Every structure is written in structure tokens, then in C-alpha cells.
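Asks: One letter stands for each residue in the lines below.
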Amino acid sequence: MLTKKVKNRIIFLSLVIFSILIISITLFKILEKNLLYFLTPTEISNIQDTKLNKVYRIGGMVKKDSIKASKDEIKFIVTDFKNEILVSYSGSIPNLFAEGKGVVVEGELKDKKYVIAKKILAKHDENYMPPELKDIMKDVK
Amino acid sequence: MRIQLYFFNSLCNSQLGKISTSLKSQFNVKKRMFKYFSFSSIFKIIENLIKFINSIFFIILIIGLTFALIISPQDYLQGETVRIMYIHVPSAWIALGCYSAIFFLSILNFIFKIKNFFIISKSIAPIGLFFTCLAVVTGSIWGKPTWGTWWAWDARLTSMIILIIFYVSYILSIKLIKNDSLKSKISTSLIVIGAINIPIIKFSVDWWNTLHQPSSITITGTNTIHTSMIIPLVLMLLVFLIYCALIFLMKYKTEIIRIKKKNLTNYD
Amino acid sequence: MIKNLSLINSEFTFVAVAFLITIFACFLFYRRTLKTLKKYENDFASELKKMPKSKREIVLRKSKIINKILVSTNKSI
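Chains as they are written, first to last, in numbering that gives the first Met the number 0: chain A, 0 to 140; chain B, 0 to 267; chain C, 0 to 76.
Honestly, the hints are just simulated from the structure, not real lab data. Here the structure is a predicted model, which is why all the values come from computation and not from measurement. Heads up, the beta-carbon is just placed ideally off N, CA and C, and yes, glycines get one too. You may find that some hints are simply not true.
[Claimed, not checked] Across the chosen pairs, the derived CB separations fall in these ranges:
1. A:44 - B:198: 28 to 34 Å
2. A:91 - B:115: 52 to 58 Å
3. B:198 - C:53: 29 to 35 Å
4. C:35 - B:47: 38 to 44 Å
Given the sequences, and given the hints that come with them, work out the whole structure.
Replies: Here's what the structure looks like:
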């Protein structure tokens, strides 16, 4: 039913799409490291040659009961439940920053376990619900 | 016996007659269907649709806005800011949907050379670009109070910027290239190359660490948005879809008139 | 001093700005589309008007759609 011209075009197009797929997959395999917006504490501790004073972005949860706010500094622990990193920061914090919530910290690595942050971003999770429901869920827990 | 035969014959005849009339009517339907695909009948349908949309649009808009701004509850964490989601998410969906539609239409156009598909994808492209920009801008406005920054170069946001670039280059390739066959080749190849970006946008939040949260609504069941927030989301999606349809019909009509104007000098 | 951003920028402003931008942009986009549509319709009608009368009649007889375009512009020739 299909004419030869149409068949040729289909073959040509599928070849093009196939090659683009292969090229892009290899490209993303190579670039994988650069595509990560942040590293987890475990990934930081796994890096062999951590350059100190280099700026990293570290993401994880703010550990419960770890926020210590003093006059012009706030200290807290970022955790991915395997490894932890202590963060100290002075500046404005986003209003969704809280214990037990996600956070992305950008700053210089002083040590494998200690970061002086320049910027804090709150990472929101995918849950959306009205406040009343949240209270009910707390009671259930 | 004879009478029976007579009845049988007449039955057969009547049945045959029925079949033939049904065949005829089927043929007519087919003819009519083809008629619907001609420009002149499409033109009439477009006129009616535009009128219909104009009559219902504001009602749906007001319903959607009341649900999104007044009736729906606050979020337990974000507070009022969650309402920005009701424009951000539908516009992002529409942006991706428009691109996929253009992708399939241009592939079909490339294989079977159906001029109408090219016109349709040409009219969809500006809508897609508009909604991509809208998604990026509203997302940025949402990001400031939630994340604490207007912009972050994470995978989701960067791939949205790349989507804008592909939309712009597609529209420019259509506008600037005068040669018809070259135009179709270049625009199709641009769209095909850019199509790899669509799954990347969709799954970037699952594949890599991103600042952007993973998607809350998945096709396979579980969603993590409360029902009272899904209703305004769906309503706003409906509003945007109707708006898209309106813009699309107007653009499509413009294209038809443009073609007819070109052909005007060819009637002799 | 740790400043809380929410005190400076109340959430409501962000929501209002986002919705206003959206509505304004949608309106502008609609108006631009409508403008180009009207421009093409008018151009089309004036093009037809410029034609010599005999030729115009042939065109109108041959093509139904041209009549329809003219109906939508409310212009009769």
C-alpha cells in the first residue's frame, strides 16, 4: 500500500531518530556528573580527592533537633540517613527551612564533615495537603 | 410451497435492498467525511467553534479562578504560595503536550507529505512557546518564596530553557526560510532533535538530584496531592486548554486565509 | 540577625503577581492573534476588490471558501 518513496522516508526517519537516541544516551552517560544539582553527604564522603575550599552543593534532610541558632549564625546537620555534614551559615534563610525538611546548601567544604555555607535553598517535597490534614496525620502517627 | 418461496424471495429482495441502501448511505457518509476535511467546511466549523468558546470561556474562567484562589485550602508548608502551582503545572503540561503534538504531526507530514499537518503544527508552535515561558516565569515566582531563589541551574529548569530554545528555533526556521521543501526539512529535523528533550524534562526529577521536587501526579495511580487541590488544578487545566483551543483556531484560520490569498492570483 | 524572608515578602504578593502576569500575558497574546487575523482578513478582502470584475466573478464562483472568508469579515463585494 505504501509507495516506495514513503517507505524510504520512514526508514530514513527511523534511522535518524535511532542515531539521535544513541548519541544523546552516550552524551548523558558522559555528562552524568555535571547534571547533578547537588551531592548527598554520602557522595561527598566518597569523593577521593576532595578539594578543600572548593564550592559544593550538598543536599539532604535537616536532622531533627540539630538546629542551633545563635546571634548571627545558624548551625545544623545535613543528613541523608547514612552520613552527616555539619553546616554553619549566616544570612537570610528561606521560610520553608525547617527540621526534617529537605535542604540544599551551597558553600565551601572545610572538612569532609564541615561546610561553611554561602547560600541555603529549601527543597520542597512532592506532598501537597491542607494544614488540617497534616494535624490529623500527626495524631495518627 | 410457492407462497413460501415467494415470501423468501421478497424477504431476500428487501434485505438486499436494505444492504444496498446501507451501502449507499455508507458511501455518502464517506463522501461527507471527505467533505469535512476540505478547507471550506473546516472554515465553517472553526467559525462556530470560536463563537462557542467565546460564549463559555468566561464562565469557566471564573469558576476556575474561584476554585484556585478562594475555595482551595492552603498548603501545610507553603501556605498561600501553593496557588501559583495552579497556573504553573497546567502551563508546563500544555507546553510539553504542544511539543509532542508538533513532533508527531511533523513526522507524519515528513512521511506522507500532508500539507494540513504542517499548517496545524505551525499554528500550535507559538502557543507552546507562550506556555513554556509562562511555566518558567510562574515557576520562578514560586521558587523565590519556597526555595529562596529565583533561579537554579538544575536539570529540570535547564531543560525547560532548552525547550524554549527549540521552540524559538522552530518558529524562526518556519518564518525565515522561504524555500518550501528546505523549510519542511529543517523544521522537521529541528523538532526531531528537540524531541529528545521531552522525556528528559519529564524524568529529570527522577533520574538526577534536582532542586525541583519530583512529580506529584503520576499516570500510574498514586498521587501525592490532596483531592481538594486536584480539583482547582484540573479546572485551571481546562481553562488553559480552552484558551489554547481558541488561540489555535484563530491562528489556523489566519493560515487558511494566508494560503487562499496566495492562491488568489492563480485562478484564471 | 537571621532575617525571615516571609516578613519582607508576604506570600500573597507572589500569588497576586503570578496570577496578574498570567492574565495580562494571556490577554496580550489573544489580542495579538486577533489583530493578525483581522489584518489578514482585511488584506484578503482588499486584494479581491482590486481585481477586475470579470476575474473576480470567476474566482467567487470557483471557490466556496472565499465566500466564507468574506462572510466572516462582514464585507460584501
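Asks: Give me the numbers of the hints this structure contradicts, sorted from smallest to largest.
Replies: Failing hints, ascending: 3 and 4.
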